[in-house]
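*Asks:* Given the coordinates of chain D, work out where chains X and E should sit on it, guided by the hints.
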Amino acid sequence: MQTNLPKELLATTTGERADEILRKCVHCGFCNATCPTHQVTGDELDGPRGRIYLIKEMLEGNITTSATLDHLDQCLTCLNCETTCPSGVNYGELVEIGREHIEAKNIQNKITHIKRQLICATFPYPKRFKPLYSIASLLGLAPKRKSIVAIKTATYSKKVILLDGCVQSVTNPEINHALKTLLDQCSIQAISVKAAHCCGAIHHHNGAPEKALAIIKNNIDLWWPHIENGCEAIIMTASGCGLTVKDYARILKHDKEYAQKAQRISQLTQDACEFFASFKFIKNNATYKSVAFHPPCTLQHGQRINNVVEKLLASAGFECVDFTDKHLCCGSAGTYSLLQPALATQLKTNKIYQIMQAKPDVIATANIGCLIHLQKDSSIPVKHWLELVDIQIS
Amino acid sequence: MLNQQIQSLCDTVKHAYETKQALNIQGGNSKSFYANHVDAQTISTTDLSGIIEYQPSELYITAHAGTPLQIIEDTLTEHKQMFSFEPPYYSPSTTLGGSIACGLSGPRRPYADAIRDCILGTDIINGKGEHLSFGGKVIKNVAGYDVSRLMCGAFGTLGIITQASIKVLPKPEHEITLLFEHHQQQAKKNIQDWLNSLIPITATYFQNDHLWIRISGLENIVSTIHKKLGGEKIHSSKTFWQAIKNHQADFFQTDIPLWRCIVPHNTNEIVLQGESCFEWNGGLRWIKSEETAEKVFKTCQTLNGYASLFRSKEKPADCFAPMNNQVKKLHMNLKHAFDPENILNPGRMYSWC
Amino acid sequence: MYSQKSLNTDEIHHKHMLDRSEIPALFSSCLPKACIFTSIEKLRPYECDAYTAYRSLPLAVLLPETKQQVIDIVKTCQKYQLPIVTRGAGTGLSGGAHPIENGILLNLSKLNQIYEINHELQYARVGPGVRNLAISEAASTYDLYYAPDPSSQIACTIGGNIAENSGGVHCLKYGLTVHNILEITFVNIDGEVITVGSECYENPGYDLLALLTGSEGMLAIMIQAKVKLLPKPANKEVILAAFNRIEDAGEAVANIIASGVIPAGLEMMDQAVIQATENFCQAGYPTDAAAILLCELDGFDEALQWEIQQVTQQCNQCHATSVRKANNAQEQELFWKGRKSAFPAIGQLAPDYLCMDGTIPRQHLAHVLGEISNISERIGLPVANVFHAGDGNLHPLIMYDANNAGELDKAEEIGSQILELCVSVGGTITGEHGVGIEKLNQMCVQFNSQELIQFEQVKLAFDPERLFNPGKAIPTLQRCAEFGAMHVHAGELPFKDIPRF
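Chains as they are written, first to last, in this note's numbering: chain D, 429 to 822; chain X, 67 to 419; chain E, 30 to 530.
This is chain D alone, in the form it adopts within the complex (with noise of 0.2 Å):
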């Protein structure tokens, strides 16, 4: 597509990749098919096409209000596009480039800004989080969450970094617990490093790059001494955090000082089914006879890993059922389930239709987002699948 960004513009860094990536799109509209916002919304500025052209027209200097800040707010950067997009366009980058671009101009929605800075000086943070979670749950509005008995792992010689994570470690350690115990029955030592906690993505995606990029750059710096002492991998149990560790290496390319460390350690970054995919499970306890997976956008988009957690649910003895638009995303999208509840609340209905139809007994993900989300609407359970495989197998 044909570009006409100002000179000064193209002179940056930023500038310069916006272009790269605008004129490697050829507007051929594909993207829109799967994008859920143009599904629900019909609206070519409600798809990713429509959004690389406000981006290209802002970029460009044309007149821009709060109309493109909120398209571009409505994006769940679910990444199906960059799935679907022939031509390969990063969309993903793009979007990102827009949205800093657009905060740099001063547009923005009020309210959005509020409640995006009540999620970073909160939810990142388990200290703070803990006891708000607490409170919610003794008024009803989030389910109790579960007392875990902490196991001992063992000291092996294999060793692997377990990212405790900043939500799920409030709301659902058994995630963890469970990757521990199989990790222990497989002879393999995880390492939890106590003081990292979030993984920068709520920051980073919520307009507060800087404090995004000091908490990653602090996470290098824990997990570095570990790598250095041969920890062969860091296992993800959240493909949100997992992407964005795996992005490290991008966001850091500039970085003199953390640039090669940022690369080693999305090299090493592994979700727990790509680190599981060729273990075969030994078949025990059905508590659940059939489960449908919903994989994560972040996992099958982001991660592009697609059919390796059904794999490993069926060698674990479920029966993985099929439904229709897997592909599409359940309205989480990180925090944004909180910033467009009408749209979220509507993909969420329309996912959870959609794998009522196949009437699985329990449903799987493997995404903390997705499955806080989910499992509110639910009528039967929502679980990380690698709490299915410990329960199955333990």
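Derived from the structure by calculation, the hints contain no laboratory data.
Once the Cα atoms are required to be at most 35 Å apart in a straight line, the calculated DSBU-like pairs of lysine-lysine come out as: (1) D:Lys-754 to E:Lys-369; (2) D:Lys-754 to E:Lys-202; (3) D:Lys-804 to D:Lys-717; (4) E:Lys-62 to D:Lys-538; (5) E:Lys-139 to D:Lys-543; (6) E:Lys-265 to D:Lys-739; (7) E:Lys-354 to D:Lys-739; (8) D:Lys-639 to D:Lys-452; (9) X:Lys-299 to E:Lys-265.
*Replies:* This is chains X and E only, laid out in the frame that chain D set:
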């Protein structure tokens, strides 16, 4: 090619346009019994005869409108090809142009193509005497409105067809016809089941609890299917279908008005007095009936289909079922667009068009 | 805007004097305010469809949610003499849904309901905004599918398919859209709802169904269609054959068809495309070949075996350097992946390309490809060729860089010469993409003034005020006269005696 003859036809039409004289377009005059009669000076296309272009590997044939269909089909047969719509002949004089203008398809229609599906291009003389060319020789062609296909079934009311390019297909290596004894319901159910299991059926005919189906393909496949389906293999498949297609079979030898009823093929029964038979999985029903035109039209219309009085001594004002006013208006507008003085076969298809 | 071209709208009749700001009030009784867009910022992304060489801002974009809203909108447009451009997914490659500056852009993507799948009569009843692929997905419960598969089938809508009479790779055996539509319900310019066609095997009167299909939104607005569903083929095989000479590949195509085989798909790619796709997606194509054929066969086991044998034999006789049959479904998919990636693969070689769409009788293939390469060399931009060989539909891809001044003009000149070449061998300027605004000039080459006037008369029979998609598909004689003045053929001045309309 034949420029002189075409020019002479153009001149005749131009003169008729200027003097507002109606013209009765005639090819082989084999279907004059069909639809309405036009009382006007005859303009004949029989001088426009001959195949213009035919290369089997191109899968089309171009011929002048007045070329006898028989000559074209013989040529195709020589090259193991055919018209997949199996056009009916009501006399050996049947021409290509007349077949297109009347738009009738034969037994193979539901399993291959309708005649309108095979029109690639037509040259016509419009009601102002202008010789125009639409469509072309290729299957994929979306330049301009599909005027060439519009000529199919228009009974010459929009233009005199002077030449046409028609899609052709390879002729099946082998064909057999199997006869079964079935009630109508059972016959229709069997046909549908066989079609769903992709049995290469290429014609069906049902009459008096007897069902004939034609199977086409490689010889070994056809005989395998025969074994699978059972049924009695009839002696001459080719003759049988020719008799159905060209109305030489006994059923069609009658003085009773013969109705051609097109309905959704899953229609159970058309409740009308008279003997009937069906082709096209039940989608084409022939009924010999003395019922009033109004009743036949209405009965078929309620079934989401349409009826026409195909052959009869006495004719109603219109042989085709009436259409709603909005569609009628579009017809009249189109007629005016091609034939502003209403001189080409006026009233041939509908009395008002 | 900028250096890119804007559509010459002189020939579009400006009838009303309405200003953009007046639009919302006019339509407020037709549809919710939130479905009426008039701010320039929101209109920009609608300024073109997938044909991006030209851009114009519509007066407003309307996004109706019901059929009734469409009817009300048409009535309002007629009352105020506002032109209407109807748009589906905006994936058209010829600018058929290109907005016009004094008109409404009517986006039908919300009319995307599949109302009914009738497995007994084998049809689907759908709204215009339903995506092509969504029909087959919905029908697959009954092992049925909708046959026409344009390469944009994931995104393009059935409304757009009908408007453009879209094709795809399986047209030789299964036909174009026109062969697969049973019934159309449309809104005419008076806002009346009319249905033509039926679920029967034949319909009375003029073939309005055919006339509306491919009419590029210039006669009516389709609001519902019944489309034909077919049982899925029993089996499928894919053969890949490579040739050292394009002529050999062309001959193989003719011989395959002469042998009595009707392939479900028969595609050809030239060396430029083979190499580009191989770099892009590693489909396993032989990169040293001058041309490859990709042949898909479907049907019954024994018939299929016979067809495979015929195709293999014909390719070998035409000196194929290799003939490979895909061993399994994965390999079949891989063979097709290369073909389906041809456009994006070319997109990696040049930032922009124009995709031509001429169709020729197959016998002229080698000659036409040779001439295309001459034209490309003479004007100085590279051209790669993919080709629906089975039905003679060529897709030369002319590569250029829109950011370099003058390259679009060069590309258009090459395109123009290629299309004229197609017409000169008895072919047509467009096989499946439609004329839109892209090929208006070439229409003057394919049709004479009397034929163009006849087209115009057809238009007026439906839309006497020329409000539906004016300025598309059928050029004015004035335009042809101007175009002819630039392109005088064999010293003959075309359109010397034009009446004006």
